Amino acid sequence: MNDMTPDRNERQANLKGLGSSRKRVEDLRFTQGKGNYVDDIKLEGMLHGDFVRSPYAHARIKSINTDAAMALDGVLAVLTAKDLEPLGLHWMPTLAGDKQMVLADGKVLFQGQEVAYVVAKDRYIAADGAELVEVEYEELPVLVDPFEALKSDVVLREDLDPKADGAHGPRKHHNHIFTWEVGEKEATEQVLDSSDVVAEEMVYYHRTHPCPLETCGCVASMDKVNGKLTLYGTFQAPHAIRTVVSLISGLEEHNIRVISPDIGGGFGNKVGAYPGYVCSVVASIVTGLPVKWVEDRMENLMTTAFARDYWMKGKISATKEGKITGLWCHTTADHGGFDACADPTKFPAGFMNICTGSYDIPTAYLAVDGVYTNKAPGGVAYRCSFRVTEAAYFIERMIEVLAIELNMDAAELRRINFIKQDQFPYTSALGWEYDSGDYHTAWDKALVAVGYDDLRKEQAQRVEDFKAGKTRKLLGIGLTHFTEIVGAGPVKNCDILGLGMFDSCEIRIHPTGSAIARLGTISQGQGHATTFAQILASEIGLPADSITIEEGDTDTAPYGLGTYGSRSTPVAGAATAMAGRKIRAKAQMIAAYMLEVHDDDVEFDVDRFVVKGAPERFKTMKEIAFAAYNQAIPGIEPGLEAVSYYDPPNMTYPFGAYICVMEIDVDTGEHEIRQFYALDDCGTRINPMIIEGQVHGGLTEALAIAMGQEIAYDNMGNVKTGTLMDFFLPTAWETPNYTTDHTTTPSPHHPIGAKGVGESPNVGGVPAFSNAVHDAFRAFGLRQVHMPHDHWRIWKTANDLGLHG
Amino acid sequence: MIPAAFDYHRPNDLNGVISLLQEHGDDARVIAGGHSLIPLMKLRMAEVPHLIDLQSISELTGIDSGSTIRIGAMTTQADIIDNASLASSAPILKEASLQIADPQVRYMGTVGGNVANGDPGNDMPGLMQCLDATFILRGPNGEREVKARDFYHAAYMTEREDDEVMVAVTFDAPKGGYAYEKQKRKIGDYATAAAAVIISKDGSTCKEASIAMTNLSDTPVFCAAASDSLIGTSVSAEDIKNAVNSMIDAIDPAEDNRGPVEFKKHAAAVVLSRAIERAWQRA
Chain A
1 MNDMTPDRNE
11 RQANLKGLGS
21 SRKRVEDLRF
31 TQGKGNYVDD
41 IKLEGMLHGD
51 FVRSPYAHAR
61 IKSINTDAAM
71 ALDGVLAVLT
81 AKDLEPLGLH
91 WMPTLAGDKQ
101 MVLADGKVLF
111 QGQEVAYVVA
121 KDRYIAADGA
131 ELVEVEYEEL
141 PVLVDPFEAL
151 KSDVVLREDL
161 DPKADGAHGP
171 RKHHNHIFTW
181 EVGEKEATEQ
191 VLDSSDVVAE
201 EMVYYHRTHP
211 CPLETCGCVA
221 SMDKVNGKLT
231 LYGTFQAPHA
241 IRTVVSLISG
251 LEEHNIRVIS
261 PDIGGGFGNK
271 VGAYPGYVCS
281 VVASIVTGLP
291 VKWVEDRMEN
301 LMTTAFARDY
311 WMKGKISATK
321 EGKITGLWCH
331 TTADHGGFDA
341 CADPTKFPAG
351 FMNICTGSYD
361 IPTAYLAVDG
371 VYTNKAPGGV
381 AYRCSFRVTE
391 AAYFIERMIE
401 VLAIELNMDA
411 AELRRINFIK
421 QDQFPYTSAL
431 GWEYDSGDYH
441 TAWDKALVAV
451 GYDDLRKEQA
461 QRVEDFKAGK
471 TRKLLGIGLT
481 HFTEIVGAGP
491 VKNCDILGLG
501 MFDSCEIRIH
511 PTGSAIARLG
521 TISQGQGHAT
531 TFAQILASEI
541 GLPADSITIE
551 EGDTDTAPYG
561 LGTYGSRSTP
571 VAGAATAMAG
581 RKIRAKAQMI
591 AAYMLEVHDD
601 DVEFDVDRFV
611 VKGAPERFKT
621 MKEIAFAAYN
631 QAIPGIEPGL
641 EAVSYYDPPN
651 MTYPFGAYIC
661 VMEIDVDTGE
671 HEIRQFYALD
681 DCGTRINPMI
691 IEGQVHGGLT
701 EALAIAMGQE
711 IAYDNMGNVK
721 TGTLMDFFLP
731 TAWETPNYTT
741 DHTTTPSPHH
751 PIGAKGVGES
761 PNVGGVPAFS
771 NAVHDAFRAF
781 GLRQVHMPHD
791 HWRIWKTAND
801 LGLHG
Chain B
1 MIPAAFDYHR
11 PNDLNGVISL
21 LQEHGDDARV
31 IAGGHSLIPL
41 MKLRMAEVPH
51 LIDLQSISEL
61 TGIDSGSTIR
71 IGAMTTQADI
81 IDNASLASSA
91 PILKEASLQI
101 ADPQVRYMGT
111 VGGNVANGDP
121 GNDMPGLMQC
131 LDATFILRGP
141 NGEREVKARD
151 FYHAAYMTER
161 EDDEVMVAVT
171 FDAPKGGYAY
181 EKQKRKIGDY
191 ATAAAAVIIS
201 KDGSTCKEAS
211 IAMTNLSDTP
221 VFCAAASDSL
231 IGTSVSAEDI
241 KNAVNSMIDA
251 IDPAEDNRGP
261 VEFKKHAAAV
271 VLSRAIERAW
281 QRA
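Protein chains in written order, with my numbering: chain A, 1 to 805; chain B, 1 to 283.
Among the hints, erroneous ones may be present.
[As the list claims (entries may be wrong)] Straight-line alpha carbon distances no greater than 27 Å define the calculated BS3-like cross-link-like pairs of lysine-lysine that follow:
1. B/186 / B/42
2. B/42 / A/42
3. A/720 / B/42
4. A/99 / A/172
5. B/175 / B/94
6. A/185 / A/492
7. A/796 / B/241
8. A/151 / A/172
9. A/185 / A/320
10. A/467 / B/241
11. A/720 / B/265
12. A/467 / B/265
13. A/473 / B/265
14. A/42 / A/224
15. A/796 / B/265
[To be verified] Calculated Cβ distances over 10 Å to all of chain B for the following chain A residues:
16. 154
17. 155
18. 230
19. 248
20. 405
21. 406
22. 441
23. 516
24. 599
25. 737
26. 739
Worth flagging that the hints you see were computed from the coordinates, not collected in a lab.
Small disclaimer: the values here were computed from a predicted structure and weren't measured.
Just so it is clear, CB atoms sit at the ideal spot from N, CA and C, and this is done for glycine as well.
Let the sequences and hints guide you as you build the complete structure.
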């Protein structure tokens with residue numbers, strides 16, 4: 001007979017499943033310095049690579065002389081485009097359907113572009129060798145402004161036929177990449193013409209960079225004996241990297257093993273393929289030795305996937321009562337020298353068409369023009385799920401501008417335009433089907449939590465005091481209600497390089513009732529080893545502590561598209577639940593056999609199957625696991641394993657209400673965040689502690705972006721913010737206190753109702769901080785200024801408004 | 001961010017340092033905390049074939065505080081912050097040191113390195129000019145003294161000869177009120193504008209005043225006219241404005257990522273006004 005066991009609640013708690021703030025199992029090694037990052041990998045005979053990079057943003061390469069570098073003791077090879085050309089590797093395909101130089105082929109298109117790759121016995125000799133490579137440049141006119149680039153006679157991409165279509169249709173100009181249109185142009189223009197009120201504004205979301213603590217890098221190791229290439233790297237999508245390496249190198253895919261070890265932050269910066277990977281693979285194939293390449297901080301900031309750089313011209317119309325009637329947006333997107341955005345193939349501007357936000361907008365139109373300039377390529381990184389941050393910033397600014405135009409309270413304007421709870425599933429004017437939401441509840445909760453009405457009274461008094469000369473500080477109340485679109489995505493419309501954006505999980509239950517699960521994703525700090533075990537614990541009734549989660553080795557993990565765009569929980573998390581259910585279904589048959597009843601007569605209860613109506617008769621999952629391996633059960637194969645490849649039926653739509661209360665010193669331009677309230681609704685919450693950590697981190701990144709962080713270029717295309725002295729990365733000192741809160745509106749189509757949360761705080765945080773700055777100056781006539789709101793720009797705003805007397 | 005090869009020397013006494021400097025001339029540099037020099041070497045903007053580490057030279061550390069204060073060149077900013085006697089005899093040093101970089105940097109960053117390097121972004125040079133400090137340099141012919149107000153010629157160009165080492169700074173314990181006011185973009189940043197002010201009082205009028213500004217020119221700027229303009233006044237709003245206007249005439253800021261010239265001048269005016277107000281309240 002079975003022993004008397006703990007009661008149901010206790011058994012549930014023991015699993016540490018869904019909803020448990022289980023401590024992160026990864027942190028044991030991270031906090032003890034026992035992580036294993038790419039730069040920790042040291043292989044026998046390993047060589048080191050370093051790049052010669054262009055000091056110019058646009059120049060023709062007259063000559064490259066590698067003699068002095070080759071003569072340096074310890075330098076084994078210096079690769080240039082000429083060396084890669086016979087292999088067809090001097091250019092590589094980008095994720096956006098464009099191609100990109102691996103090493104400068106005749107010219108350079110951005111400062112820091114890779115020109116030559118030096119391979120040496122140690123890292124220092126590689127750097128010395130790089131310094132000895134002599135490159136003769138002829139400077140060409142530089143284009144750093146996308147509007148100018150579209151008018152200029154200067155041809156940036158001489159490799160492209162200006163008359164031929166690009167990857168996304170016709171090109172209008174030799175520096176034009178694509179036009180992407182969604183919605184109804186004429187209908188929207190008619191609505192704008194016939195509405196009571198129209199607000200128009202140019203909203204610029206400046207170029208910035210994710211700046212993960214660990215830069216990008218790899219170790220390529222070609223074993224010439226067995227013909228196998230092992231590639232360790234900071235890859236957010238290791239399986240896709242394997243396929244790409246196979247396609248461009250000609251090596252068969254089974255001969256390539258890609259391993260993403262521990263990754264120190266990604267934020268989208270580590271999705272794409274970089275020249276360093278290709279050069280390291282080639283160098284390893286040529287030398288037969290492992291080759292390591294790891295970027296330094298300046299290389300990471302100056303050359304790898306940037307974020308944003310969207311010029312969003314907007315028009316929003318409404319009735320005089322404030323009901324929005326239409327939204328129009330034309331975006332000029334600065335993609336840099338090559339179009340290397342990591343978007344799903346059919347979405348060259350990502351999911352920018354979520355720009356109707358949380359609002360029931362009947363008619364809308366969006367057009368995006370991609371443009372080449374003399375800046376680094378990339379463009380979809382930074383905790384943003386494919387341009388959702390740009391979209392959220394755009395609509396949340398336009399709402400504020402409309403509120404000014406209507407002379408209305410911006411909180412009330414939002415409230416009367418929210419999509420109502422009974423409208424879900426809701427189809428937006430730009431074509432998305434929002435799965436679920438309850439915006440009014442979240443909004444009201446947020447407004448009450450911060451004491452919104454009192455804040456407005458205090459603000460009005462502050463304006464009076466300021467005008468009376470009693471204070472030099474203004475008070476801004478930054479409102480945001482964002483709706484995200486994450487979890488790419490349904491294979492029918494989401495693929496990257498033809499690879500459907502499903503994800504996967506494979507589970508093996510061991511005889512003694514513990515398990516290993518492998519996924520197609522890869523954690524870069526998200527805590528997958530903790531949270532995926534929790535999903536499984538609730539599904540299969542084994543404690544999360546008894547479940548190992550493994551990711552990132554393409555030889556062992558099932559194929560998946562990786563971790564970015566808040567897709568791990570919506571897609572791989574769903575695969576995990578579905579695979580768990582397959583385990584449970586088989587376990588049910590085993591339990592029924594053991595209990596000598598029909599399959600339908602047992603039911604799952606936390607960590608066991610019980611006979612219906614006879615709860616004292618049960619078999620625990622631990623017992624069932626052993627039975628799967630120790631006895632022959634008629635009609636059932638031995639073992640207990642399952643695999644699921646999950647193709648989500650829809651995206652998920654997390655949302656949130658953020659409010660930032662900010663004090664601004666009009667004289668110095670300094671700010672102080674007095675209060676920041678963040679309510680997130682990410683559907684079912686797997687681990688509240690990890691969600692809180694995600695939100696704190698994302699808000700801090702949002703603070704950085706809104707208040708100072710940028711990749712700035714001068715007119716010559718020089719990067720002005722290439723080090724952490726000038727590129728703002730907040731420390732504990734600059735980081736305000738955050739209050740987090742939540743509502744829970746599960747996704748109706750996700751197996752456990754989870755929606756994803758990794759990107760929400762960045763998406764919603766930026767408009768909240770920026771709106772606070774704008775709101776502080778609203779009483780003095782400010783409509784729109786560009787981020788980042790650093791000291792001198794805030795000072796300039798105050799100065800332009802005549803506030804310095 | 002990989003430096004070129006260099007030889008590392010770690011002498012145990014100053015004579016050892018000076019003979020290395022004589023031997024290698026331009027090719028040698030001394031290193032104190034390293035927070036200016038190491039990044040320059042990693043960027044290969046400074047080539048230093050011979051790096052002479054001063055950390056084993058015990059005679060360069062230590063703080064003597066009394067009516068005259070002497071701080072050894074290798075004394076760290078953390079040492080200054082922790083020294084209770086100094087905090088009472090010259091509290092402006094602690095106030096300023098707490099605004100330099102972050103605690104990790106302050107455990108390494110030294111007074112000597114900060115003042116000797118000639119980096120216009122460093123806080124200590126302006127502070128030393130405000131205190132009218134004297135720098136003690138030792139070279140092959142022994143020690144000599146240079147006033148902080150005469151030491152700086154241009155960015156990274158100072159009165160120090162290549163074969164001299166900064167040994168210590170000395171100054172009289174300041175009297176009256178003080179303030180070090182610094183605007184910066186973030187922790188660890190150089191000043192957008194910073195002001196060091198010391199004011200003493202005779203009844204309700206200003207007896208003595210000293211003002212120096214940081215990172216608003218290619219050297220620290222001791223503002224003699226602005227300082228003098230306060231003497232004998234009651235430091236009213238109008239008097240402060242006059243001093244600020246004199247200061248603006250003396251600085252020559254350059255545009256950078258912290259903002260355009262016009263903003264820098266504005267920020268300089270704000271920090272100086274606030275510094276004078278605070279120093280006057282404390283006087």
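Legend entry - Check on residue 441 of chain A being off the interface with chain B, judged by Cβ distance over 10 Å: holds, 37 Å
Legend entry - Straight-line alpha-carbon gap residue 185 of chain A to residue 492 of chain A, limit 27 Å: holds, 26 Å
Inset, instruction - Would you mind confirming whether the straight-line C-alpha gap from residue 796 of chain A to residue 265 of chain B stays at or under 27 Å? - result: Measuring from Cα to Cα gives roughly 13 Å; hence the hint holds.
Inset, instruction - Check the non-interface label on residue 406 of chain A: least C-beta distance to chain B beyond 10 Å or not. - result: At about 34 Å from chain B, residue 406 of chain A clears the 10 Å cut-off, so the statement holds.
Legend entry - Non-interface claim for residue 516 of chain A, where every Cβ of chain B lies beyond 10 Å: holds, 40 Å
Legend entry - 27 Å Cα cutoff - pair residue 185 of chain A, residue 320 of chain A: This hinted pair holds, its Cα atoms lying about 23 Å apart.
Legend entry - Given pair status - residue 265 of chain B, residue 720 of chain A, alpha carbons within 27 Å: holds, 22 Å
Legend entry - 27 Å limit on alpha-carbon distance, applied to hinted pair residue 42 of chain B and residue 42 of chain A: holds, 23 Å
Legend entry - Check on residue 739 of chain A being off the interface with chain B, judged by Cβ distance over 10 Å: Residue 739 of chain A is indeed farther than 10 Å from all Cβ atoms of chain B, at 23 Å.
Inset, instruction - Given the hint that residue 473 of chain A pairs with residue 265 of chain B, test it: the Cα-Cα distance must not exceed 27 Å. - result: Since the Cα atoms of residue 473 of chain A and residue 265 of chain B sit roughly 20 Å apart, the hinted pair holds (cutoff 27 Å).
Inset, instruction - Determine whether the non-interface label on residue 248 of chain A survives the test: each CB of chain B must be over 10 Å from its CB. - result: Correct as stated: the minimum Cβ-Cβ distance to chain B is 29 Å, above 10 Å.
Inset, instruction - Verify the proposed pairing of residue 175 of chain B with residue 94 of chain B, using a straight-line Cα cut of 27 Å. - result: Since the Cα atoms of residue 175 of chain B and residue 94 of chain B sit roughly 15 Å apart, the hinted pair holds (cutoff 27 Å).
Checked against the numbered hints above, the structure violates none of them.
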